[in-house]
Amino acid sequence: MLNPNNTEPIITIRNLEKNYGSKKVLKGIDLDIYPGEIIGYIGRNGAGKSTTVKILCGLISDYAGDIIVKGMNLKEHPVEVKKITGYVPELAELYEVLTPAEFLGFIGELYGMAEDVITERAWGIMRVFGMEENMHQRMDSFSKGMRQKVLIASGIMHNPEIIILDEPLSGLDANSVIIIKELISHLAREGKTIFYCSHMMDIVEKVSDRIILIDEGVVIANGTFNELQQQSGNISLENIFSQLTSSESPSFSAGQLMSLFDAKP
Amino acid sequence: MNFINRFLLGLVMLPKRLYERVGINTRHLQSILATKLMMDDRRPNTFHQTRVRRKEKAITGATLGTMFFSALTGLLFLFSFTVGENTVTQLTIYLSFFIFMLATSLISDFTSVLIDVRDNFIILPKPVTDRTFVLSRLLHIFIHVTKITLPLCLPGVIYLGINAGLWATVLFVIVIILVTIFTIFLINSVYILVLKFISPQKFHTIISYVQIFMAIFMYAGYQLLPRLAKNIVLTGYDLSNKAWTWLLPSYWFAQGWQFFYSPEINLPAMSGALLTIVVPPVSLWIVLKYFAPSFNQRLSLISGTSAETISSTKPRLQKPRGNSLSRYVSRLVTRKGEERMGFLLTWNLTGRSRDFRLKVYPSMGYMLVYVIVLIHNSANVNFEKVFTDTRSGRIAVISVIYMCGFLLVMAINQMQYSDRYKAAWIYFSTPIKSPGLLITGSLKAAAIKFFMPLAFAIIMAALIFSGMQLIPNILLGLSNVLLGCLILALVTFKNLPFSISQNASQQAGGIFRGFLSLLIPGALGLLHAMIYGIWLVVLISLGLSLLASWLLLDYLKTGNWLKVSNRDIEE
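Top line first, the protein sequences correspond to chains A and B.
Going by my numbering, the residue at position 134 of the first sequence is 134; the numbering climbs one at a time, nothing skipped.
Adding 1000 to a residue's 1-based position in the second sequence gives its number in my numbering.
This is chain B alone, in the form it adopts within the complex:
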């Protein structure tokens, strides 16, 4: 246990006498909390999950990592103090980010960390009183929230301490505490609401999307905020005295702070102050009174151990929904047998495997953010220039197409790996004649799922804004992206889809693969850029590129380049 956990544990155990007086078993309380904190320290957090783990080493000190990221995020929030005309505007922006950040990280933590359904099996049969157990949960939540909030607001506190003096800082800390209570209320309401409409099984999916969204948001924040800030400063942004801002809870708290910092008798400040004082206690009361009792019960449904969930899944014997599209597409593009099997497997697993989503979707998000930054950065590129033949227009078209190609590259890179790689025994126990077909099937699924929609969007945009003019180049670009992916597959896709675990031994080739993933599409893009303006060459290249892709796909089907081994399965 690290010093932070030890300190916080000591802190919450201070009123030991008081606990004992109300019938709490402090020995139980202490050991439950100590165990929980120890486990928190070993649990991969969002930042671990969305990253490809380099080594299968056991996680220690996750707490410190999370706190560090929290502090870093808090530093990012400081930009809000450089924006806007008055303190209320600045605080509103700051608190909006604060609430958003706290809420997203708590949403994903609540099921996995704070309300662990295994507790039902492990702690409930032990002679622990309900009161002790409930208090241990509340204190655990308190410690957890503190570990996020403290580093998150620390940069803000320091900033205010230096710039605005003691009284402003003290008020700020109080406001932060009130905002935190309010955010917990928000999370609780979201949980209760979502669980009302959505089956517990789907809930996990939603949470994983929240995690993905959060990772992308963080990245986008670092990339875009400093750029946006410039613009906002210039326009002199003022949030106060606009009616819609009352919809933002952060605005109430900002007004509240303002009122107590320099009391003025006006309606906005006074109503803000009133809301600041009244809302958090009321929300706390609602949480304790109405949410807490049903909360546990609903969450235990998520675990899927209760009988209700079993019976609710039973009647789903009808045709699996959502499969119809993939089946229809698979009939169009693959032949019966291994190829179709590979196609459907990839289509379904990439959509349903939490692991795949957490690894691939964030990087796709990063890429999109990067494309936006790229377009934003080259300030001289505007719509007209892109869609007429200028040098900067060329660069924009080519970079957008090939950047989008990276999305497909990322999906393909991840497709060999799976958490459940042991399930690949199915390939070896069934009489599969040509494993190459499995892989071409997979590649087709990935191309259609992750690239087709984007390619379609690009073509449509080009058609709408500039007619047929850009189409040959766009088609060449798209075809080159596919060709690049096929070459990459030939070099790196040596195992069957989802058949190996992502551990250290495979990572040796990781750098090489990463290099190739950049080099191949990059080289094709460069070549493309050189011939961009020459019509005839573009058309000939398009033909060649398509032909090469077709031949390569045919070669891939033979599977001669595979090194299929069942080494990983036997492990």
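Bound conformation, chain A alone:
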């Protein structure tokens, strides 16, 4: 297992369980995540990815098990943990009637940042994203990509130690994707820990130091891309993923689909 600085893990998850009613979504997850790591967190739809992320961010607080972040138990010190965490949610949930300047100002306030720092960072980040002119427009007219950029800005502007990204590249144009990918590796080099959730295997493959694959609420693979390659004998993460999570081969499923068109033109 990768442990870059031989330090203590920044996030320790022990026996994490979560039920929705009678349905068990997480069935005992154990993870150690070290400072400066980029974790690629992958799994099928409904595997429990988003639930893990929501628990880590403090959106869900009724879980069983322990989560220790920087020596603090998440249940006992939620506010302290949230201070050092940045979250970019998957659904573009933002207050659309606000402008980016107002929204980011509000977020900065909640993180307790000084006013001049908020202004400087908000404008700086948006300038890099090419959205300086949109700072005073209401977000209800924004495209999906523009909203995503605002969300990313809101997740990193307080310079957090842990950044949790849930499908952060959806809707972004090619240039912004490159910027974000570069940004992720820069942040990791500075010792930030990145928790990256995505369905885009090719990006996860390139970006992550370590890949964690969960299925039906349990971790079924955990290692560097090379380790996973050797274990399974597959070349791409896509194939490793489908081999581990699906009982039928993709070409069989595709064949089934094609056979639907055979009967009538």
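It should be emphasised that the hints constitute simulated quantities derived from the structure, not laboratory data.
A portion of the hints provided could be inaccurate.
[Claimed, not checked] Here are the simulated DSS-like cross-link-like pairs (lysine-lysine), alpha carbons at most 25 Å apart as the crow flies:
hint: 1; chain 1: A; residue 1: K24; chain 2: B; residue 2: K1557
hint: 2; chain 1: B; residue 1: K1494; chain 2: B; residue 2: K1433
hint: 3; chain 1: A; residue 1: K23; chain 2: B; residue 2: K1196
hint: 4; chain 1: A; residue 1: K23; chain 2: A; residue 2: K83
hint: 5; chain 1: A; residue 1: K181; chain 2: A; residue 2: K206
hint: 6; chain 1: B; residue 1: K1289; chain 2: B; residue 2: K1449
hint: 7; chain 1: B; residue 1: K1433; chain 2: B; residue 2: K1422
hint: 8; chain 1: B; residue 1: K1289; chain 2: B; residue 2: K1196
hint: 9; chain 1: A; residue 1: K144; chain 2: A; residue 2: K181
hint: 10; chain 1: B; residue 1: K1449; chain 2: B; residue 2: K1336
hint: 11; chain 1: A; residue 1: K144; chain 2: B; residue 2: K1422
hint: 12; chain 1: A; residue 1: K75; chain 2: B; residue 2: K1449
hint: 13; chain 1: B; residue 1: K1336; chain 2: B; residue 2: K1557
hint: 14; chain 1: B; residue 1: K1016; chain 2: A; residue 2: K83
hint: 15; chain 1: B; residue 1: K1016; chain 2: B; residue 2: K1147
These figures come from a predicted structure and were not determined experimentally.
Knowing the structure of chain A, use the given hints to seat chain B on it.
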């Protein structure tokens, strides 16, 4: 932020020291509240939603608009002081309206304004303590309620101040505060109850119906109350000392006010006073103790982001319910292909699109209210006169039929537009040969859905009260309404159903269309009125009208008159 928001924010932030002492982060509190109030100011309220927006301009100052309407409504309540024999009766009526109004506006506001589920994603991951967050919500609710209640009771306060003196007014204000607390309790109970029995998805539908109902109620109030008031004054209405009035919470509070204003030792006044003092604190306690904790949780279900809602919608793979009727009808009146597609699309969208409902149903309600007013106004029209051939009877029959025709006209006028107009790409990516058929299908759906039931009701009423006598004229009227709608469609329905957005560029033709919507059915109605008594002419006209409708429908099917463009889709 306008001065009212700034003032209220300053007001609730006054006990800053106290907040800090109990571990509230006042900086967080201040910025959350400021942001919330700023958003309130930009959110379209019920009155915006039910109106067709003239321009796509950003909403500002929504707060002031809402408060203005509130004050106007409060002015309307004053009529209750002109009614009845004693103060208790008057106050009961006033407070009933007050509770009703506050409750309906709060019901629709609670999900969209006060408990915003996006907060879960935006505020919860930030380092805000639970206590601060909960207090920010409570204060936001307080500010919001104040913004509705204050203008709503202001006319009443002024009225009492002038007519009944200081002590009466002070008591009145206290009673209003207690009533407000009680109303919040009512709303909470309704929410909890409704959410227990109804899936969160349906909840939004119910709320939109509440909004529609409220808009119609307001209109009906302005139209009917002054007229009704006249009658009630004459009969000398007295609510007190009737047993059933104890079912009205407003009566308790009215009795309470009476007791404290001029204390009398009698059972009704004392029990009223007791209820007034006891009920609001108890309800507040129940809200805080039992409702508040589960409230949030239940409301977050409405957003549909929680896993429970996802799993609950999954097993619905069986045949879609409720479709059977529309499918059956569509097979009767349309041919396979585009026409049936247009029919089913219109049938389903008009029933399910919140946007369509909010635009069309209120105007239908206004129209019904207007018909009632019309009948009420012509006091010399009574049942006998309508169903025998007199001049006033004629006017009544014709105006009812053609007025009901306007319902259909309104639906058709709105049918080209949709919030989700971009979904119209489906028309252009599929090999549709004759777009005209899509529209005739739509028109048929609208006619069957919005006109048939009324037409049926009118025919039945006529049959029951006067036998066959009125039927030819009624049939002619109904046929003319359809003909009028078809002509209107020919002139104004130039786009595919639900395919364009309702913005400024289309509004240029709006006045023209509005004019035609009145002119065409109006002209047909006038012609009808002239030949009303002449049997033979009525029958011949009926034949002609039907023939014309049939030919016109056939022409519409060709689609030659359409200006279908994908300009809007490419935007």
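Here is how each hint holds up against the structure:
1. This hinted pair does not check out: K24 (chain A) and K1557 (chain B) have alpha carbons roughly 56 Å apart, beyond 25 Å.
2. Between the alpha carbons of K1494 (chain B) and K1433 (chain B) the distance comes to roughly 17 Å, so the proposed pair stays at or under 25 Å and holds.
3. At roughly 20 Å between alpha-carbon atoms, K23 (chain A) and K1196 (chain B) fall within 25 Å of each other, so this suggested pair holds.
4. Proximity of K23 (chain A) to K83 (chain A) is assessed by CA-CA distance (about 32 Å); at most 25 Å being required, the pair is judged violated.
5. Between K181 (chain A) and K206 (chain A), the direct Cα distance comes to roughly 9 Å. Compliance with the 25 Å bound is thereby established for this hinted pair.
6. Restraint check for K1289 (chain B) and K1449 (chain B): the C-alpha separation of about 46 Å exceeds 25 Å, so the hint is violated.
7. About 20 Å separates the Cα atoms of K1433 (chain B) and K1422 (chain B), which keeps this hinted pair within 25 Å; it holds.
8. For the hint pairing K1289 (chain B) with K1196 (chain B), the CA-to-CA distance comes to about 18 Å; that is within 25 Å, so the pair holds.
9. For the hint pairing K144 (chain A) with K181 (chain A), the CA-to-CA distance comes to about 18 Å; that is within 25 Å, so the pair holds.
10. For a cut-off of 25 Å, the pair hint linking K1449 (chain B) to K1336 (chain B) stands: about 19 Å separates their Cα positions.
11. For the hint linking K144 (chain A) to K1422 (chain B), the alpha-carbon distance of about 15 Å falls within 25 Å, and the restraint holds.
12. A threshold of 25 Å between alpha carbons decides the hint, and for K75 (chain A) with K1449 (chain B) the separation of about 55 Å lies outside it, so the pair is violated.
13. For the proposed pair K1336 (chain B) and K1557 (chain B), the alpha carbon gap of about 14 Å is at most 25 Å, so the pair holds.
14. Of the pairs offered as hints, the one joining K1016 (chain B) and K83 (chain A) holds, with about 23 Å between alpha carbons and a cut-off of 25 Å not exceeded.
15. As the CA atoms of K1016 (chain B) and K1147 (chain B) are separated by approximately 22 Å, the hinted pair is consistent with the 25 Å bound.
Violated hints, listed in ascending order, are 1, 4, 6 and 12; each of the other numbered hints is respected by the structure.
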